[in-house]
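Asks: Below, each chain spelled out in residue letters.
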Amino acid sequence: MRIIKLKKDNLFPFLEVISEEADLWAPVKKGDKHVFKVVDDFSQIEMNSTRTILPPRKIFLPPTFDMFSVSEEGYKEDFSHITKKILFGIHPCDIHGLLILDNFYKQAYLDPYYLEARKNTLILGLSCWPDEYCFAKSTNTHIIEEGFDLFFTYLKDFFLVWIGSSQGDDLVRLKPELFDEKLTDKDIQTYLNWQAERDKAYKWDLNFTAMPDLMELKYGDPLWEKLGDTCLACGSCTNVCPTCGCYNIMDKQFLGGKDGKIMRHWDACTLEEYSEVAGGENFRKKRSDRLKLWYTHKLQAFISKYGKPSCVGCGRCIVACPVDINVRTVGKALLGEEEDAFWIRLNKEVTK
Amino acid sequence: MEKGSKEKLKIGIYELTGCAGDALLILDCEKELIDMFKAADIQSFLMAKSDNIDGELDVALVEGSVSTEREKEELLDIRKRAKTVVAIGICACFGGIQAAFLDKKDWEKNFKKVYGDKKMTHTKPLQSKPIDAYIKVDYYLPGCPIGKEQFLSTFNRILRGHPPELYRFSVCVECKWNENDCLLNKGIPCLGPITRAGCGSICINHNLPCVGCWGPVEEANLTSEFHLLREKGFDYDFIKKKMANFSGTGMADFLGELKGEKK
Ligand code: SF4
Ligand code: SF4
Ligand code: SF4
Ligand code: SF4
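Protein chains in written order, with numbering that gives the first Met the number 0: chain E, 0 to 351; chain B, 0 to 262.
Careful, some of the hints might be misleading.
The calculated DSS-like cross-link candidates involving lysine-lysine, where the alpha carbons are at most 27 Å apart (straight line), are [claimed, not checked]:
(1) B/K7 with E/K260
(2) B/K7 with E/K331
(3) E/K257 with B/K82
(4) E/K251 with B/K118
(5) E/K32 with B/K185
(6) E/K257 with B/K185
Computed spacing ranges between beta-carbons, pair by pair [what the hints assert, rightly or not]:
(7) B/K104 with E/Y108: 53 to 63 Å
(8) B/V113 with E/E76: 40 to 50 Å
(9) E/S79 with B/P124: 31 to 41 Å
Every beta carbon over 12 Å from chain B, so not counted as near; a handful from chain E, in silico [unchecked claim]:
(10) E15
(11) Q43
(12) L98
(13) N102
(14) K118
(15) E144
(16) D198
(17) W203
(18) E215
(19) V239
(20) N247
Simulated from the structure, these hints should not be mistaken for laboratory data. None of the values given here were measured: they were computed from a predicted structure. We put the beta carbon where it would ideally sit given N, CA and C, even for glycine.
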């Protein structure tokens, strides 16, 4: 893979050129958090952002969109929400998240909306620095070798830029004079130092190799009932997770006429309706059973099928869950270590 | 109605005790109003027309709670005439603000404070209750007021003989779809997790916590929400008031059980 160099001051001129033909999406501030948004004013881009509230999958499959328009002639697929996009500033863990969704939507179940949106979006990754919630090193998703068109490692005064695809190369060729082809020994050393420091900056880790067995061994553990008693079934963990991809569909008929639309919206296995079938039977009426399903997906089932967990260590569930049910506290509890968490405190308080 | 039948469904829209916000919202569907009147035979709708008939109905939409003897009788009569009854708005579904005094004694005290010893001549006042305290309700369409999109979709589905299709999860789901930073996690008392979605998380989108105006979601984990708010520093009375504010009867059992918890 070719690696070139871009001076810091040359970034905006480069973004200027490439954003002429596509919407540029990048992380910007929302309160003290971050979100991906279309940016015109590059100074709004948060170069040192932490995880965005919603994962980048919202750019490919928005939380709600119209899937079909319906008329007397039949159904017609509606791709109108899909436009040419460049996604700048996506971190390694989130690129891994997209690769995991690819397993699902590009291989197991071909999803035309996802495929089309993926085809129309260029991925320009950006290096990051862990905060107290990140644990991407535990999931080995802190580094990325594929899944991007360009990847920028931010080294204070300059970027090292990995060219990951011919489309990425085409972008560079739009303005090659902005880049330096030659790296000095000092540049390389700066990068190596940065990487060593960054790897040391992860503040906690989780032993993922133990997780599949522990999920198996502790499937009947009272732990799950405690989690179920506390879970609010708010669906936040699922909605913010970059590797969740379930959805539901709803009819939107128009009054009087025969026309309508079929709307698709994000669904979550942590919600009650998710496992309900025709006739009202529900296979996972209990919240504890739903959480078991979610954690089986994240910590066990995906590993046996694809050799890696479907958790990328982004820390979003840790930030989002109001009652501290997340990969960290559940993972630690499975390992027999007790974290300080509301669901543990509640169970002590209410059952004492 | 049988499929393919040319007869339009006979519909009645009624208002009991409430702010008439739901009826107003229906009127406010300006773009769709003509289609609505074309698609259905609207027999009674006091806010919209004067030639109202009180006959047999296919569907009655009832807004408001029952707070007088006369309303109770009117409601019983509506139920007798209508094949399907839909409760629209939080007052009809859960009692609304006027049912926030859960305790009969509290209500009596408050009633006295407002009306003194005045004699009620034209009807007997009752402690405000949702309509299912008196009649069987087929469908519930919550909201304060109900949402336009949800109302139109429900109306449309009922005309076609389908049950309403509502979101059955909490406000948090829509709140996340709108990519809000969670207020509850910042220590602001948000009732999103126990409140039914459908409003588009409009309050949180404007940086205000949810006060539960769409009523409890089916699976509301009131125990967990209650203790979470306690831990965040709010006292028993504050939380109880907040939870009972819009949907007293939906919370009554839980709040009743909680009595012993008061610290
Ligand atoms: S399980 Fe949690 S930490 Fe893992 S990818 Fe999903 S949101 Fe991120
Ligand atoms: S685990 Fe937490 S975030 Fe997930 S549904 Fe339950 S309460 Fe919500
Ligand atoms: S702000 Fe309120 S509605 Fe939104 S996620 Fe947090 S608790 Fe739920
Ligand atoms: S956010 Fe809560 S209080 Fe606000 S409109 Fe929605 S349900 Fe009502």
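Asks: Against the earlier hints, flag every one the structure doesn't satisfy and list their numbers going up.
Replies: 2, 4, 6, 8, 9, 19 and 20
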